[in-house]
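Input sequences plus hints: build the corresponding full structure.
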Amino acid sequence: MSNVNNIPIGEDCIELSLPVNPAYVSAARLTASSIANRMGFNIEDIEDIKAAVSEACTYLIKRNLHLGPKMFQIQFNLTTSTLEINLTSQKSEGINNIYDDDSLGIMMIEALMDKIFVADDDVIKISMVKNLP
Amino acid sequence: MDFAINSSFNDTKKHWDISIEGEIDIYNSNDFKKELSELIQSNPTDVYVNCEKLEYIDSTGLGALVSILKKVKQYNGDIHLFNLKSNVAKLFKITDLNKVFIIEGEPHE
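Here the protein sequences come in this chain order: A and B. Under the numbering used here, the first residue of the first sequence is numbered 41, with each subsequent residue one higher. Under the numbering used here, the first residue of the second sequence is numbered 504, with each subsequent residue one higher.
These are calculated hints, taken from the structure and not from any lab test. Heads up, some of the hints might be wrong.
Calculated pairs, DSS-like style, for lysine-lysine (alpha carbon to alpha carbon, straight line, at most 27 Å) [stated by the list, open to error]:
| id | chain 1 | residue 1 | chain 2 | residue 2 |
| --- | --- | --- | --- | --- |
| 1 | A | K165 | B | K537 |
| 2 | B | K596 | A | K102 |
| 3 | A | K102 | B | K516 |
| 4 | A | K102 | B | K517 |
| 5 | B | K517 | B | K593 |
| 6 | B | K537 | A | K102 |
| 7 | A | K102 | B | K536 |
| 8 | B | K588 | A | K155 |
| 9 | A | K155 | B | K596 |
| 10 | B | K536 | B | K556 |
| 11 | A | K165 | A | K102 |
Here are some chain A residues the structure puts well away from chain B; computed CB gaps all over 12 Å [as the list claims (entries may be wrong)]:
| id | residue |
| --- | --- |
| 12 | P48 |
| 13 | I49 |
| 14 | I54 |
| 15 | N61 |
| 16 | S74 |
| 17 | N77 |
| 18 | E84 |
| 19 | S94 |
| 20 | E95 |
| 21 | T98 |
| 22 | Q115 |
| 23 | T119 |
| 24 | D142 |
| 25 | D161 |
| 26 | V163 |
Not close to chain A: a few residues of chain B, all C-beta gaps over 12 Å, as computed [stated by the list, open to error]:
| id | residue |
| --- | --- |
| 27 | N509 |
| 28 | S522 |
| 29 | G566 |
| 30 | D599 |
For every residue, glycine included, the Cβ atom is placed at its ideal position computed from N, Cα and C.
Written out as structure tokens, the structure reads:
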């Protein structure tokens with residue numbers, strides 16, 4: 041029987057599709073935590089990644105709750121030196137400016153991650169990167 | 504994981520002693536705000552919050568705390584936070600809310 045233990049992780053892509061429902065933000069945090077842990081991030085960085093993923097989910101959910109798409113996507117792209125996380129959702133029609141100001145959440149992601157890019161067009165996309173130490 | 508608030512009124516020092524457990528995010532921050540709001544309405548005094556078992560709080564939870572602080576300030580009270588975990592303390596620091604709340608003691612793991 042071949043050894044199935046300790047197979048190294050490679051340049052993998054992990055995708056998660058979640059309902060637009062605040063109840064599942066904790067599932068996104070747990071997934072992010074598990075992946076970051078496997079990649080070898082230290083505890084402080086894992087906490088940063090969890091919080092950033094949570095804020096990004098909140099950003100998307102606030103724009104779509106009860107109004108538009110029922111699902112949003114999170115993609116984790118792993119490399120030997122970085123974890124790139126992309127969150128995307130279709131934008132609901134005619135819902136501009138119905139949400140509270142959430143600049144605090146974006147400001148937190150900027151402080152916690154090494155790179156962040158936000159596109160709020162037809163598709164809402166948040167891309168963020170954390171470098172391995 | 505959800506959150507829980509344990510509260511008792513300290514008759515000697517005339518303030519609220521509160522401890523928060525668990526995680527606060529967009530799922531439960533409204534409930535969190537409502538519970539704290541009811542507490543300070545029933546007895547408007549200073550609030551001392553033990554955060555030893557607070558695992559995580561997001562921007563909506565921080566917003567709820569700021570909203571409660573505004574109400575507490577209206578009767579010249581304050582909110583004191585202590586025993587913060589290091590990851591939670593960091594979130595207060597990067598948002599500059601460590602300058603808004605009275606944070607006591609050193610963060611812990």
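Now for the hints, and whether the structure bears them out:
A threshold of 27 Å between alpha carbons decides the hint, and for K165 (chain A) with K537 (chain B) the separation of about 32 Å lies outside it, so the pair is violated. The hinted pair formed by K596 (chain B) and K102 (chain A) meets the criterion: a straight-line CA distance of about 24 Å does not exceed 27 Å. Of the pairs offered as hints, the one joining K102 (chain A) and K516 (chain B) is violated, with about 41 Å between alpha carbons and a cut-off of 27 Å exceeded. The straight-line distance between the Cα atoms of K102 (chain A) and K517 (chain B) is roughly 39 Å, outside the 27 Å bound, and the hint therefore fails.
Taking the CA atoms of K517 (chain B) and K593 (chain B), the gap is about 30 Å. The hint is violated against a cut of 27 Å. Simply put, K537 (chain B) and K102 (chain A) have alpha-carbon atoms about 20 Å apart, close enough for the 27 Å limit, and the pair holds. Under the criterion of a C-alpha separation no larger than 27 Å, the hint pairing K102 (chain A) with K536 (chain B) is consistent with the structure, at around 18 Å. Distance hint between K588 (chain B) and K155 (chain A) is fulfilled; the C-alpha atoms sit about 25 Å from each other, no more than 27 Å.
At most 27 Å may separate the alpha-carbon atoms for a hinted pair to count; K155 (chain A) and K596 (chain B) meet this at roughly 19 Å. Taking the CA atoms of K536 (chain B) and K556 (chain B), the gap is near 18 Å; set against the 27 Å cutoff, the hint holds. For the hint pairing K165 (chain A) with K102 (chain A), the CA-to-CA distance comes to about 13 Å; that is within 27 Å, so the pair holds. Distance to chain B confirms P48 (chain A) as a non-interface residue, since its nearest Cβ pair spans about 28 Å, more than 12 Å.
Separation of I49 (chain A) from chain B is adequate, the least Cβ-Cβ distance of about 24 Å exceeding the 12 Å criterion. Every CB of chain B lies more than 12 Å from the CB of I54 (chain A), the least distance being 22 Å, so the non-interface label holds. Interface exclusion of N61 (chain A) from chain B breaks down, the closest Cβ pair being 8 Å apart, not more than 12 Å. S74 (chain A), annotated as away from the interface, keeps every beta carbon of chain B farther than 12 Å; the closest lies near 15 Å.
The beta carbon of N77 (chain A) sits about 14 Å from the closest Cβ of chain B, which is more than 12 Å, so the claim that it is off the interface holds. Listed as outside the interface, E84 (chain A) is inconsistent with that label: its C-beta sits roughly 7 Å from the nearest C-beta of chain B, within the 12 Å cut-off. Its beta-carbon lying about 5 Å from the closest one in chain B, S94 (chain A) breaks the requirement of being farther than 12 Å from that chain. For E95 (chain A), the condition that its CB be more than 12 Å from all CB atoms of chain B is violated, with the nearest at approximately 6 Å.
Listed as outside the interface, T98 (chain A) is inconsistent with that label: its C-beta sits roughly 5 Å from the nearest C-beta of chain B, within the 12 Å cut-off. Its beta-carbon lying about 21 Å from the closest one in chain B, Q115 (chain A) satisfies the requirement of being farther than 12 Å from that chain. With a least CB separation of 25 Å from chain B, T119 (chain A) remains clear of the 12 Å interface cut-off, as annotated. Distance to chain B contradicts D142 (chain A) as a non-interface residue, since its nearest Cβ pair spans about 7 Å, not more than 12 Å.
For D161 (chain A), the shortest C-beta to C-beta distance to chain B comes to about 23 Å, beyond the 12 Å cut-off, and the non-interface label holds. Every C-beta of chain B lies more than 12 Å from that of V163 (chain A), the closest at about 21 Å, which supports listing it as non-interface. Look at N509 (chain B): its CB is around 21 Å from the nearest CB on chain A, clear of 12 Å, so calling it non-interface holds up. The non-interface label for S522 (chain B) is consistent with chain A: the shortest C-beta to C-beta separation is roughly 21 Å, beyond 12 Å.
For G566 (chain B), the condition that its CB be more than 12 Å from all CB atoms of chain A is violated, with the nearest at approximately 7 Å. With a minimum CB-CB distance of about 9 Å to chain A, D599 (chain B) fails to clear the 12 Å threshold, and the non-interface call is violated.
Going through the hint list in order, the structure does not satisfy hints 1, 3, 4, 5, 15, 18, 19, 20, 21, 24, 29 and 30.
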